[in-house]
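Asks: Sequence:
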Amino acid sequence: MQVLRPKLLPLQQLFDQASHCARPLVLLLFRLWVANVFFKSGLTKLADWDTTLLLFTEEYHVPLLPPALAAVMGTFGETVFSSLLAVGLFGRFAAAGLFVVNLMAVISYPGLTDVTRQFHYYWAMLLLALFAFGPGTLALDAAWQRWRQRRRGH
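The opening position of the sequence shown corresponds to residue 1 in full-length UniProt numbering, with each subsequent residue numbered one higher.
Honestly, the hints are just simulated from the structure, not real lab data.
C-beta: ideal position from N, C-alpha, C; glycine also.
Every clue listed holds true.
Here are the simulated distance ranges between beta carbons:
#1 6 with 145: 31 to 41 Å
#2 49 with 116: 18 to 28 Å
#3 43 with 110: 22 to 32 Å
#4 96 with 143: 13 to 23 Å
#5 25 with 53: 34 to 44 Å
Hey, can you work out the whole structure from these sequences and the hints?
Replies: Following this line, the structure appears as structure tokens:
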């Protein structure tokens, strides 16, 4: 193993550099992918509010909340949290909020098929990664932090 280590070091350094460059892009991709899914769902609810209320009354069974309040909160969460996540503003908060919205969808809708449930699990994993690692350097959170650090430095 000692013989291989010096030969593998340049390769390891290359991988380190590549992952350093890729991380912001991967986090941006995660943010935009998940935000797109939830934002479109929220817009669908807003486009036909009567049907949304009917669905929350008849199909979705959100625990502890009246259907109208659940509809408002779910739609708010899908549109507002996804918008924040897309631009990377309050990124961890937005990811956590969408995680809760996603969890409520899985819990409250008994009509999910195995395939659609898998999609919710994938979105949950992406949201947990964004919560754990933050929205990345290509986010308004990071720009705000850089601005504040520059301002303190002067």
